[in-house]
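Number of protein chains: 2
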Amino acid sequence: MKQKVVIIGGGAAGPKIAAKLLRTKDFDCTIDLYTDENIISYSACGLPYYIEGIIPDSEKLIVRRPQQFEEQGANIHLNQKCIKIIPDEHRIIVQDTKTKETKEVQYDKLAITTGARPIIPSIENIELKNIFTVRTIQDGINIRKQMLNSKKAVILGGGYIGIELLEAFYSNNVHTVMIERQNNILSIFDPEISSMIAQQITDMGEGRIEIITADAITAFEGNEKVERVITKNGRVIETDMVVVAAGIRPNTEIAADAGIELGVSNAIRINNRMQTSKKDIYAAGDCTENFHLVSRNYTWIPLGSTANKQGRCAAINISGKYDAFPGVLGSAVTRFSKLSISLTGLSETEAKKFGFDVITSTMTKKDKAGYMPNAEDITLKLVVDRRLKKILGAQAFGGGDADKRVNTVASAILAQQTLDEFLHLDMTYAPPFSTAVDPLLSAALIINNKMYM
Amino acid sequence: MKQKVVIIGGGAAGPKIAAKLLRTKDFDCTIDLYTDENIISYSACGLPYYIEGIIPDSEKLIVRRPQQFEEQGANIHLNQKCIKIIPDEHRIIVQDTKTKETKEVQYDKLAITTGARPIIPSIENIELKNIFTVRTIQDGINIRKQMLNSKKAVILGGGYIGIELLEAFYSNNVHTVMIERQNNILSIFDPEISSMIAQQITDMGEGRIEIITADAITAFEGNEKVERVITKNGRVIETDMVVVAAGIRPNTEIAADAGIELGVSNAIRINNRMQTSKKDIYAAGDCTENFHLVSRNYTWIPLGSTANKQGRCAAINISGKYDAFPGVLGSAVTRFSKLSISLTGLSETEAKKFGFDVITSTMTKKDKAGYMPNAEDITLKLVVDRRLKKILGAQAFGGGDADKRVNTVASAILAQQTLDEFLHLDMTYAPPFSTAVDPLLSAALIINNKMYM
Numbered sequence: 001m002k003q004k005v006v007i008i009g010g011g012a013a014g015p016k017i018a019a020k021l022l023r024t025k026d027f028d029c030t031i032d033l034y035t036d037e038n039i040i041s042y043s044a045c046g047l048p049y050y051i052e053g054i055i056p057d058s059e060k061l062i063v064r065r066p067q068q069f070e071e072q073g074a075n076i077h078l079n080q081k082c083i084k085i086i087p088d089e090h091r092i093i094v095q096d097t098k099t100k101e102t103k104e105v106q107y108d109k110l111a112i113t114t115g116a117r118p119i120i121p122s123i124e125n126i127e128l129k130n131i132f133t134v135r136t137i138q139d140g141i142n143i144r145k146q147m148l149n150s151k152k153a154v155i156l157g158g159g160y161i162g163i164e165l166l167e168a169f170y171s172n173n174v175h176t177v178m179i180e181r182q183n184n185i186l187s188i189f190d191p192e193i194s195s196m197i198a199q200q201i202t203d204m205g206e207g208r209i210e211i212i213t214a215d216a217i218t219a220f221e222g223n224e225k226v227e228r229v230i231t232k233n234g235r236v237i238e239t240d241m242v243v244v245a246a247g248i249r250p251n252t253e254i255a256a257d258a259g260i261e262l263g264v265s266n267a268i269r270i271n272n273r274m275q276t277s278k279k280d281i282y283a284a285g286d287c288t289e290n291f292h293l294v295s296r297n298y299t300w301i302p303l304g305s306t307a308n309k310q311g312r313c314a315a316i317n318i319s320g321k322y323d324a325f326p327g328v329l330g331s332a333v334t335r336f337s338k339l340s341i342s343l344t345g346l347s348e349t350e351a352k353k354f355g356f357d358v359i360t361s362t363m364t365k366k367d368k369a370g371y372m373p374n375a376e377d378i379t380l381k382l383v384v385d386r387r388l389k390k391i392l393g394a395q396a397f398g399g400g401d402a403d404k405r406v407n408t409v410a411s412a413i414l415a416q417q418t419l420d421e422f423l424h425l426d427m428t429y430a431p432p433f434s435t436a437v438d439p440l441l442s443a444a445l446i447i448n449n450k451m452y453m
Numbered sequence: 001m002k003q004k005v006v007i008i009g010g011g012a013a014g015p016k017i018a019a020k021l022l023r024t025k026d027f028d029c030t031i032d033l034y035t036d037e038n039i040i041s042y043s044a045c046g047l048p049y050y051i052e053g054i055i056p057d058s059e060k061l062i063v064r065r066p067q068q069f070e071e072q073g074a075n076i077h078l079n080q081k082c083i084k085i086i087p088d089e090h091r092i093i094v095q096d097t098k099t100k101e102t103k104e105v106q107y108d109k110l111a112i113t114t115g116a117r118p119i120i121p122s123i124e125n126i127e128l129k130n131i132f133t134v135r136t137i138q139d140g141i142n143i144r145k146q147m148l149n150s151k152k153a154v155i156l157g158g159g160y161i162g163i164e165l166l167e168a169f170y171s172n173n174v175h176t177v178m179i180e181r182q183n184n185i186l187s188i189f190d191p192e193i194s195s196m197i198a199q200q201i202t203d204m205g206e207g208r209i210e211i212i213t214a215d216a217i218t219a220f221e222g223n224e225k226v227e228r229v230i231t232k233n234g235r236v237i238e239t240d241m242v243v244v245a246a247g248i249r250p251n252t253e254i255a256a257d258a259g260i261e262l263g264v265s266n267a268i269r270i271n272n273r274m275q276t277s278k279k280d281i282y283a284a285g286d287c288t289e290n291f292h293l294v295s296r297n298y299t300w301i302p303l304g305s306t307a308n309k310q311g312r313c314a315a316i317n318i319s320g321k322y323d324a325f326p327g328v329l330g331s332a333v334t335r336f337s338k339l340s341i342s343l344t345g346l347s348e349t350e351a352k353k354f355g356f357d358v359i360t361s362t363m364t365k366k367d368k369a370g371y372m373p374n375a376e377d378i379t380l381k382l383v384v385d386r387r388l389k390k391i392l393g394a395q396a397f398g399g400g401d402a403d404k405r406v407n408t409v410a411s412a413i414l415a416q417q418t419l420d421e422f423l424h425l426d427m428t429y430a431p432p433f434s435t436a437v438d439p440l441l442s443a444a445l446i447i448n449n450k451m452y453m
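Top to bottom, those sequences are chains A and B. 1 is the number of the first residue of the first sequence in my numbering; add one for each residue after it. 1 is the number of the first residue of the second sequence in my numbering; add one for each residue after it.
A few of these clues could be false.
When chains are identical, the list treats them as one kind, so a pair holds in a single copy or across two.
[Unchecked claim] Pairs of lysine to any residue, SDA-like flavour, derived with a Cα cap of 20 Å: (1) K129 - N449; (2) K2 - E238; (3) K20 - S442; (4) K366 - I62; (5) K145 - A375; (6) K338 - P373; (7) K450 - D323; (8) K366 - V63; (9) K152 - G399; (10) K20 - F291; (11) K390 - D28; (12) K232 - T218; (13) K98 - R387; (14) K338 - G399; (15) K152 - A219; (16) K25 - N449; (17) K60 - G370; (18) K390 - Q416; (19) K365 - V63; (20) K145 - D357; (21) K129 - F291; (22) K450 - D96; (23) K450 - L22; (24) K338 - E421; (25) K365 - G399; (26) K100 - I230; (27) K390 - D323; (28) K25 - Q182; (29) K389 - P326.
Since the hints were made in silico from the structure, they are not lab data.
Turn these sequences into a full structure, and let the hints steer you where they fit.
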């Protein structure tokens, strides 16, 4: 009998579920995807590069179009917002965002992929013109348009998106001030690493970048349009525009209303198979909680890479087969110009918080043979448990592919490898690609020397 | 009591042993390094980039100079060739390469790091001018000088060094013919991968590169200088110069004469601690055999990265502490222009030879989000054991950091990770660095689909 599969949300995970189900030959189903947007399946991660001008056309950010799905047999319902889930009756209520008409939709299997939305801080006059958030393609178009007419900008928030916008504004000759409430930007990194990154970005900014930490915006001022930003510490910053990138929160209100169990940060709790606490309801992507494979704790780390894996996993289980998604390492990367910034696993701060007996090494070394003209510095920090010798995490910043070293560590962490084993990793070497002893192995050797030499 | 440590050979491993011993504070020793060259510690791997002109000065290839060692207390004896080892008497005989005078040197611990040398095939008229091998800095200087006066060149051998020379000649506008005896260049890769690489290099060569396989040079012709190359299949190739890069062999004759056990390819057999079959004699670097961690067989894979690790390991054990070097994965990388070419572990061909039940996937995907203007194709082949699910090897070629994906697989192979575990690797994602599902994970998913879907 044909199964009715209903998907709520059109970001990364939802379309992934639809695409995977369409490729699943021995599962007979109908697929209906509902989204409150007028578009599906676009790369929000690519918005900073559209704003910067690297991607000339915002249309390029669309991964899959509704008609592609329709042609393959999935039904895409744009501008249809799910306003209620009734688990016991296996149905949802959707509302047309324009006409406000509602209708009921039955499902056999439901997938919640409602994603996340920007946090809008309650700051005086935040409704002024030229204050933006970054989520939709239209946001990107609006920001780029205003940026091209601006000399000065303020970015509220020093996270990944903030850093990427800093690159966009810097390379378009806009003088930009970043304001971060915490003591450091990129506060997921250890403080001394964040400080080094902030210093490098400021140095690379050639006077066009100012990073202010431990301060907060208390008010916007201006006549219709934003003209000034006032901070808690009394700064008055003239600006032509503001982008609010102060974090996101999961869209889980309808799930909570339906009695679906939430976890950390109000994200939906799921098991290994992407099943929620309610029968026949799955969830995937930014709206779900994650199990962290190193800390062994639940956490909320919304990332596009995870959303894709979870979407695939949900689709396989919806189709009656078995697949498990065991958890995350929190691997992530961002960049400012040619500086790549990445991490995996736990920082030293986090590892200590979770009760590990921590030993670390931090070292800076060239990413290629020193005599190659384009050799760049890589700074790497490794975090290891002294007793178990397990590698717990890595942070890296520097020349081009510093992030790829982090992936190599991620592979070791996933395998619960000890430092003693990892030390002997046979990494590729040729002068254009690394040093004879790769920076990653040098960092591992430093810890080895501390422990045994 | 002061230990007399004697090192034979000044390439990578020997100087590494000396450097590590100099940093070892609680080991009282004298260090004497003998080499038959007039230089030590230079990067032979960098020669192609000096020849190409990327490294303007050959002096930059010198990693550590004799006087640096001397200042720190190690004695470097240049132009002193070890001609005999007498293990039972703990002494060696060295000969001055100029005066031919000999002397005896006593040791408490001896390290053999004699490296390898190019194989010179017995081809008619090989003594003609402008026929070169690539080993020393002087070779590099001679090749570059001749290249700058040449319009046509022939490279004998399609291995890593051959490919790197091809880049050097191509970028200096020299029309180059590569001649490889086997059916494929880079014969350590699977044939279909080698073929694709050869095709890409030829295409990138804009008519200046010709790759001939399954043919061999039978004679050189010319008047004093080489002018023509004659092949077994009857080709007559006009040329201004020839570089012979037809493989290397270990310098182990004096070790064999001393009764030290040799292994595969006549390389010196060593244990986990770099100890040879004779008491107090260690060996490290290109002159030693390697244990392959995947095939569980002995092999000879001479690489600078391994030489450095072995040198460190030998030094620690010489100093009375404990360190083990368990073996290699054979990870290696080379490049032609922007095409990086790398592998780790076993190829499909090798894995079958060693009796694994093999399942593979080969896929081509962009290395970055497709909408990024500098996205490049990466082709990846994964080799997995169907029964045990263990990952056995990976081959990759393509845009910039294809090789770094290979290192991430190497880490998984070292940890004996199964494909089922590896599939869940949390890799960093942002549009300038990868796709939301990294090419590496896509390759792993294809095998997963073959097995379970």
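Here is how each hint holds up against the structure:
Proximity of K129 and N449 under a CA criterion of 20 Å is satisfied in neither setting, with 57 Å inside one chain copy and 50 Å between copies. For the homomeric pair K2 and E238, neither the shortest alpha-carbon distance inside one copy (61 Å) nor that between copies (71 Å) is at most 20 Å. For the homomeric pair K20 and S442, the shortest alpha-carbon distance between copies (13 Å) is at most 20 Å, but the shortest distance inside one copy (42 Å) is not. Taking the closest pair of Cα atoms, K366 and I62 come within 20 Å of each other only across two copies (16 Å); inside a single copy the shortest separation is 37 Å, beyond that limit.
In this assembly of identical chains, the alpha carbons of K145 and A375 never lie at most 20 Å apart, being 37 Å within a copy and 26 Å across copies at closest. In this homomeric assembly, K338 and P373 come within 20 Å of each other (Cα to Cα) both inside a single copy, at 15 Å, and across copies, at 15 Å. For a Cα distance limit of 20 Å, the shortest separation of K450 from D323 across copies, 14 Å, qualifies, whereas the shortest one inside one copy, 42 Å, does not. Only between protomers do K366 and V63 lie at most 20 Å apart by alpha-carbon distance; the minimum there is 14 Å, versus 36 Å within a single protomer.
Within a single copy, K152 and G399 get their C-alpha atoms no closer than 28 Å, and across copies no closer than 37 Å, so neither meets the 20 Å cut-off. Taking CA atoms no more than 20 Å apart as the test, K20 paired with F291 passes in neither setting, with 23 Å inside one copy and 42 Å between copies. For a Cα distance limit of 20 Å, the shortest separation of K390 from D28 qualifies neither inside one copy, at 45 Å, nor across copies, at 33 Å. In this homomeric assembly, K232 and T218 come within 20 Å of each other (Cα to Cα) only inside a single copy, at 6 Å, whereas the closest approach across copies is 82 Å.
Taking CA atoms no more than 20 Å apart as the test, K98 paired with R387 passes in neither setting, with 60 Å inside one copy and 56 Å between copies. In this assembly of identical chains, K338 and G399 lie within 20 Å of each other by CA distance both inside one copy and across copies; the values are 6 Å within and 17 Å between. Taking the shortest alpha-carbon separations for K152 and A219, only the intra-copy value of 17 Å comes in at or below 20 Å, while the best inter-copy value is 71 Å. In this homomeric assembly, K25 and N449 come within 20 Å of each other (Cα to Cα) only across copies, at 12 Å, whereas the closest approach inside a single copy is 55 Å.
Only between protomers do K60 and G370 lie at most 20 Å apart by alpha-carbon distance; the minimum there is 9 Å, versus 38 Å within a single protomer. In this assembly of identical chains, the alpha carbons of K390 and Q416 lie at most 20 Å apart whether taken from the same copy (6 Å) or from different copies (15 Å). Taking the closest pair of Cα atoms, K365 and V63 come within 20 Å of each other only across two copies (15 Å); inside a single copy the shortest separation is 38 Å, beyond that limit. For the homomeric pair K145 and D357, neither the shortest alpha-carbon distance inside one copy (51 Å) nor that between copies (58 Å) is at most 20 Å.
Taking the closest pair of Cα atoms, K129 and F291 never come within 20 Å of each other, the shortest separation being 40 Å inside a single copy and 67 Å across copies. Taking the shortest Cα distances, K450 and D96 never come within 20 Å of each other, neither inside one copy (63 Å) nor across copies (41 Å). Taking the shortest alpha-carbon separations for K450 and L22, only the inter-copy value of 17 Å comes in at or below 20 Å, while the best intra-copy value is 54 Å. Proximity of K338 to E421 under the C-alpha cut-off of 20 Å is found in neither arrangement, the shortest distances being 32 Å within a copy and 32 Å between copies.
Taking the shortest alpha-carbon separations for K365 and G399, only the intra-copy value of 10 Å comes in at or below 20 Å, while the best inter-copy value is 23 Å. Neither within a single protomer nor between protomers do K100 and I230 lie at most 20 Å apart by alpha-carbon distance, with minima of 39 Å and 83 Å respectively. Only between protomers do K390 and D323 lie at most 20 Å apart by alpha-carbon distance; the minimum there is 18 Å, versus 27 Å within a single protomer. Taking the shortest Cα distances, K25 and Q182 never come within 20 Å of each other, neither inside one copy (50 Å) nor across copies (43 Å).
Within a single copy, K389 and P326 get their C-alpha atoms only as close as 22 Å, which misses the 20 Å cut-off; across copies the closest is 18 Å, which meets it.
Hint violations for this structure: numbers 1, 2, 5, 9, 10, 11, 13, 20, 21, 22, 24, 26 and 28, all remaining hints satisfied.
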